[in-house]
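My request is simple: use the sequences and hints to build the entire structure.
Read off the chains here:
2 protein chains.
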Amino acid sequence: MPKGRLLQLPGMRLPLIQAPMAGVSSPAMAAAVTEAGALGSIAVGAGDAETARRLIQAVRARTAGPFNVNLFCHAPGVADPGKEAAWSERFAPLFGMFGTRPPAGLREIYRSFLVDEAMLRMLIDERPAVVSFHFGLPTASAIAALRAAGIILLATATNLAEARAVAAAGIDAIVAQGWEAGGHRGMFDPDAPDDKLGTMALVRLLVAEIAVPVIAAGGIMDGRGIAAALALGACAAQLGTAFVATDESMADAGYRAALVENGGKHTVMTRIVSGRPARILPNRFAALNGTFTADQVPAYPRAYDLGKALHAAAQARGEHGYGAHWAGQGALLVRAMPAAKLVRTLAGELEQAIHKRSPA
Amino acid sequence: MPKGRLLQLPGMRLPLIQAPMAGVSSPAMAAAVTEAGALGSIAVGAGDAETARRLIQAVRARTAGPFNVNLFCHAPGVADPGKEAAWSERFAPLFGMFGTRPPAGLREIYRSFLVDEAMLRMLIDERPAVVSFHFGLPTASAIAALRAAGIILLATATNLAEARAVAAAGIDAIVAQGWEAGGHRGMFDPDAPDDKLGTMALVRLLVAEIAVPVIAAGGIMDGRGIAAALALGACAAQLGTAFVATDESMADAGYRAALVENGGKHTVMTRIVSGRPARILPNRFAALNGTFTADQVPAYPRAYDLGKALHAAAQARGEHGYGAHWAGQGALLVRAMPAAKLVRTLAGELEQAIHKRSPA
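Chains X and R supply the protein sequences, listed in that same order. For what it's worth, this note's numbering labels the leading residue of the first sequence as 39, then goes sequentially. For what it's worth, this note's numbering labels the leading residue of the second sequence as 39, then goes sequentially.
Keep in mind that the hints were calculated from the coordinates and are not lab data. Mixed in with the good hints there might be a few duds.
Pairs count within a copy or across copies, as identical chains cannot be separated in the list.
[Said to hold, decoys possible] Only pairs whose alpha carbons sit at most 25 Å apart, straight line, appear in this in silico DMTMM-like list of lysine to aspartate or glutamate: (1) Lys303 <-> Asp229; (2) Lys379 <-> Asp232; (3) Lys121 <-> Asp86; (4) Lys121 <-> Glu88; (5) Lys379 <-> Glu299; (6) Lys303 <-> Asp227; (7) Lys121 <-> Asp229; (8) Lys303 <-> Asp232; (9) Lys303 <-> Glu247; (10) Lys121 <-> Asp163; (11) Lys303 <-> Glu127; (12) Lys346 <-> Asp229.
The structure displayed is predicted, hence computed values, not measured ones.
Shown next as structure tokens:
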């Protein structure tokens, strides 16, 4: 299987990537993971180029090692005033319970990297070792410019067609995001039919069919899971949920409590929070899944503007149940500890799992 | 991890079970798999005790080794004449296209092992090495009687709660059936909410939480997949779809053609064919998924009476698209060859995968 350039990065001693998680990962987390020998990640898609630059510099203040900078490549959300007004109206009683009203209009809160020239210029200027894409691919010219700058590129695929597009675009490695994965499903088109391929099937299919290194993601929580990913032919595993409860996580107390209390019980795939399918813990927001049809939800990330406002309003009244408490199906196995210790623990488990599996 | 008695069976040299697949597996397949050093299986839930006895004897005529006999433990379907008449009416135009009419009334075509005393007596009399249960657990007295007869027992679980029930019932090993798996999902209650746990997450959760050996199933098509299952802590892997295209498979030409033509493209989880959720290739029957709500479908296996009649009517006119073309999400990786050769191939791939993973 092709390993590609990713695992040849200086300092990357483990086939392990800490998933970029907007709102959860932090420069401290990324740096701690990188220093421990894996690949740390930050997500910068929620801010502008200068905010992203500061985040990159904040990682660099803590480590000289390689890390990954993640960007959202969603098709920019199309405003639909009628749909958005109806969506806000639907949530008005809930906002009312928290003494406020829904936002008067929904905004495109995340600028897609597809249309963010300043972000591209900043990346070429800062040259992080790795840049990764979620929700699609950037333009061919952006890919060419980033590659010319020596940056290793990763992109998420949830099926074979997306993986073929990633490979054809000249991306260095594919993040095979299985159905188990927490947070936003990286499907290019959220309205296209979704085969919901589990990690076990998806990784094997991509490794067998695509001549680009594959990184396994979804439902992997420990060294045994990483060993399984490698056995499937992945060059590395990407873990997100496993890092949500680390000390360096930006997850707030309500999120951490929900993760421990509800961990692994019944995660829900829903587009109610943001407008795109995402896997979340079974909190009050998730419980509203099924009370609407997909075509009633405003486009991502416009719906997320309301989702974030609802969480803020609820939290101001002490109700934590409307947070974006993303988690994967393996959440029950989450561990609270410093990120560096988690990486060391994962490394030890991986070595043990491989050792156990070797012929006696 | 506990390996249990299963892998100590004489002649079982590989941590591999050929899944029992009613209508697909055959005594010849089970015997060939067992003779090759894995555990062959037959499914006998579609017939009565004497039919099952003949199937068991047909395996024994071909091998002296251990094999698995699978039974359906579904809650017997409740007749609902109004719902069933409406369901038949819905399909009347389609039957009409094939020059016939839907069945006048739907029958309980599969007798649940829960209420089949003759089947229990036959099993205790024949004493196959292994008996496995799908869709639930038999009565405590049946379990006690089978155990007293020295039979190793397996049961399917799709989540932690079902696995806990399996362990509490004194079953020897749990078949952890992930979301990827083809054919009928083994959930105890088809109308309960389904967390759709992928194999990667489900196996780790059960291995971590339950002190009974776990067999991984779902999306596993080759030796790398088996190696991944073992890395996750499973004591064995169960493969179904991988065996559908073997020479000994009872899959008809239409099914085999669909598997090769549509393999791995877009399998569908639907209850339209049988009344219970099951994963099928994207044929004409599957394409009707989404045109009804779950509560409109008659209970399993009563709906299956119509499903089978529709397939028969269509096939009589040369239309193969209404068959129960079950397949898992890894179907693209299916291989047509004799079952014994497939087992040898899997064994070689497994050894290579384990060898590759050992510390260099």
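Now the hints, each set against the structure:
{"no.": "1", "hint": "Lys303 <-> Asp229", "in the structure": "between (27 Å within a copy, 18 Å between copies)"}
{"no.": "2", "hint": "Lys379 <-> Asp232", "in the structure": "neither (36 Å within a copy, 34 Å between copies)"}
{"no.": "3", "hint": "Lys121 <-> Asp86", "in the structure": "neither (27 Å within a copy, 56 Å between copies)"}
{"no.": "4", "hint": "Lys121 <-> Glu88", "in the structure": "neither (33 Å within a copy, 61 Å between copies)"}
{"no.": "5", "hint": "Lys379 <-> Glu299", "in the structure": "within (23 Å within a copy, 48 Å between copies)"}
{"no.": "6", "hint": "Lys303 <-> Asp227", "in the structure": "between (28 Å within a copy, 17 Å between copies)"}
{"no.": "7", "hint": "Lys121 <-> Asp229", "in the structure": "within (16 Å within a copy, 32 Å between copies)"}
{"no.": "8", "hint": "Lys303 <-> Asp232", "in the structure": "both (23 Å within a copy, 11 Å between copies)"}
{"no.": "9", "hint": "Lys303 <-> Glu247", "in the structure": "between (34 Å within a copy, 12 Å between copies)"}
{"no.": "10", "hint": "Lys121 <-> Asp163", "in the structure": "neither (40 Å within a copy, 66 Å between copies)"}
{"no.": "11", "hint": "Lys303 <-> Glu127", "in the structure": "neither (31 Å within a copy, 40 Å between copies)"}
{"no.": "12", "hint": "Lys346 <-> Asp229", "in the structure": "within (22 Å within a copy, 33 Å between copies)"}
Hint compliance for this structure: hints 2, 3, 4, 10, 11 are not met, and every other hint is.
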